[in-house]
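Q: All chains, please: the whole structure from these sequences, using the hints.
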Amino acid sequence: MDDTVAQEKTMQTAAADDVVIHIEHLKKSFGDNEVLKDISLDLHKGENIVVLGRSGQGKSVTIQCVAGLLEPDEGNLTVLGKEVKELSEEELKDLRSKLGFLFQSGALYDSMTVRENLSFPLTRVLKMKDEAEMEKRVKDALESVGLEEAIDKYPSDLSGGMRKRVGLARTLILRPEIILYDEPTTGLDPITSREISELIVQLQEKYDTSSIIITHDMACARIVADRIAVMNDGKFIATGTYDELAKSPDELINNFFK
Amino acid sequence: MASALTSTINKYMEIVGDQVVFTGQFARNIFRDGFEWGEFLRQCFIVGYRSIGLVAITGFIIGFVLTLQTQPTLKDFGAESYVPGMVSISIIREIGPVIIALICAGKIASSIGAELGSMKVTEQIDAMEVSSANPVQYLVVTRILACTLMVPLLTIMADALALLGGWVGVNIQDHVSATLFFRKSFAALEFSDVVPSVVKTFFFGYAIGFVGCYKGYHSSRGTESVGRAANSAVVSASLWIILIDAIAVQITNLIYY
Ligand SMILES: Nc1ncnc2c1ncn2[C@@H]1O[C@H](COP(=O)(O)OP(=O)(O)O)[C@@H](O)[C@H]1O
Ligand SMILES: [Mg+2]
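From first to last, the protein sequence lines stand for chains A and B. Per this note's numbering, the first sequence starts with residue -16, numbered consecutively. Per this note's numbering, the second sequence starts with residue 342, numbered consecutively.
Treat the hints as calculated values from the structure; they're not laboratory data. Note that the structure is predicted; figures quoted are calculated from it, not measured. Built from N, CA and C at the ideal position, the CB exists for glycine as well. Do not rely on the hints blindly, as some may be mistaken.
Dumping the calculated SDA-like pairs for lysine to any residue here, alpha-carbon to alpha-carbon at most 25 Å [said to hold, decoys possible]:
#: 1; chain 1: A; residue 1: K65; chain 2: B; residue 2: S473
#: 2; chain 1: A; residue 1: K122; chain 2: B; residue 2: E380
#: 3; chain 1: A; residue 1: K110; chain 2: B; residue 2: F372
#: 4; chain 1: A; residue 1: K10; chain 2: A; residue 2: K20
#: 5; chain 1: A; residue 1: K28; chain 2: A; residue 2: E178
#: 6; chain 1: A; residue 1: K122; chain 2: A; residue 2: T106
#: 7; chain 1: B; residue 1: K352; chain 2: A; residue 2: S12
#: 8; chain 1: A; residue 1: K81; chain 2: B; residue 2: D467
#: 9; chain 1: A; residue 1: K110; chain 2: B; residue 2: R383
Footprint (simulated), chain B over chain A, 3 or more residues, beta carbon under 8 Å [as the list claims (entries may be wrong)]:
#: 10; region: 104 to 116
#: 11; region: 139 to 145
A: What follows is the structure in structure tokens.
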């Protein structure tokens, strides 16, 4: 895995066109609350970056900016080669169809069954009409998260871990090139957390996706991270591999690895 | 003091601005890339069918009570024969539409506000947006249109039941045949009584749907905002209904008299 990434990097030295998300000096405030002060980060193709940081540091705000849900005040933000703030409504729509977002709560649509939750993006975004093909896509997606039996259930009948999985299946069903995970394992028991973490890695390998994963679950970070970025006070204070950061003398960073 | 006043004014101007923008979003998304028929019909079912019981009982009782209240007075003047006409005019012109709209504001605007508010808080609306589905078209357009269509139908049903209630009320003391009662009721009505009052119920329905959606869609983060969205949806929808009613009566008078 690391080898292929390294190879790719040497092959594409000239242009940095294996960068799928490029964030440069991003700033964002809500009224007087200055949340993002200076955020810069590059996500490369096929890479999983874990973003670590205490609650309320602006991790979710960062990926919401990437998905175009929030508009940054300043700075550059390029996703798949396109400057997000300059996109028209149609172009943004097109970009979002290549972008998956797993919300912290799963964000399953309460009024719909699992099947309807999963076919919602198929009919709305891909304008898919063929029932049989849709059914197959839904079943495939559920199978890849190991939840075929939940197809006719409502979200309120599912456990926390199952909701996360269904949320993941709904994200995957459009075969996104990039997935943004907001705390995929928070609130789950250690065994389920581990399963979800392993699922993230499997999906990365199977569909060749690039991901930003927000978490403060170190077990998860260890499993999924190719690289870790530590956020504090609206800035990234360090990036590196798990082992590099684990050895860091800086107390702020070190605290996460205890 | 002055700065508190300007900041309050600014806040209200901001809300007005937001509502104008929201109206624009609603209008632009009605027929964009097809129409959400499935969700629209489901909302018609929820808004209309599920309110039938409440609206029917309310309508019947309004007519019944109105008759019992006025009958003795009219009798003193020897004018009992005016009871059906009095009941039908007051119900159809004013009491039916306004009371039913206020009842619907309590039942429908609050539930839409709470539903969309909780979808907002649990990031379901964001999820629709990032999956490139169109939450305004799917959630807002369908709900506003369902209310605009269903509130008038509910009102017409309530009006009919109110007349029935009136007939039952008359028959507690006197004996009046149903045919006579309804003939007199309808004879008292004119075109200028019926049409404006039906037209204004469409506006009532729109206001209920719009306010419910607006409050829910714009509720802030945190679970307590769901309750606040539901509550303020009822308050502002009721206020809008009274305002629209006041405007409607002016317009009707200008046109017909
Ligand atoms: N839509 C918003 N409106 C106002 N404030 C927000 C919004 N989103 C986030 N914030 C504020 O930004 C800060 C960072 O939030 P967030 O990114 O959710 O933190 P976390 O790092 O835990 O994900 C918090 O103080 C939060 O209150
Ligand atoms: Mg967060």
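Q: Keeping to a limit of 25 Å between CA atoms, is the pair of K110 (chain A) and R383 (chain B) held or broken?
A: OK: K110 (chain A) and R383 (chain B) at ~21 Å, within 25 Å.
Q: Has the region 139 to 145 of chain A got at least three residues whose CB is nearer than 8 Å to a CB belonging to chain B?
A: violated (count 0)
Q: Is it true that the CA of K352 (chain B) sits at most 25 Å from the CA of S12 (chain A)?
A: With Cα atoms ~19 Å apart, K352 (chain B) and S12 (chain A) stay inside 25 Å; holds.
Q: Holds or violated: K10 (chain A) with K20 (chain A), Cα cutoff 25 Å?
A: holds, 5 Å
Q: Could you grab the alpha-carbon distance between K81 (chain A) and D467 (chain B) and see if it respects the 25 Å cut-off?
A: At roughly 16 Å apart (the allowed maximum being 25 Å), D467 (chain B) and K81 (chain A) satisfy the hint.
Q: Run the distance test for K65 (chain A) versus S473 (chain B): straight-line Cα separation, threshold 25 Å.
A: Holds: K65 (chain A) and S473 (chain B) sit about 17 Å apart, inside 25 Å.
Q: Test coverage of the region 104 to 116 of chain A by chain B using CB-CB distances below 8 Å; three residues minimum.
A: The restraint on the region 104 to 116 of chain A holds, since 3 of its residues have a Cβ under 8 Å from chain B and three suffice.
Q: Does the alpha-carbon distance linking K122 (chain A) and T106 (chain A) stay inside the 25 Å limit?
A: holds, 15 Å
Q: For the pair supplied as a hint, K110 (chain A) and F372 (chain B), confirm whether the alpha-carbon distance does not exceed 25 Å.
A: holds, 15 Å
Q: For the pair we were handed, K122 (chain A) and E380 (chain B), check the Cα-Cα distance against 25 Å.
A: holds, 23 Å
Q: Do the alpha carbons of K28 (chain A) and E178 (chain A) lie within 25 Å of each other, as the hint requires?
A: The given pair, whose Cα atoms are some 24 Å apart, holds under the 25 Å limit.
Hint 11 from the earlier list is the only one contradicted by this structure; the remaining hints agree with it.
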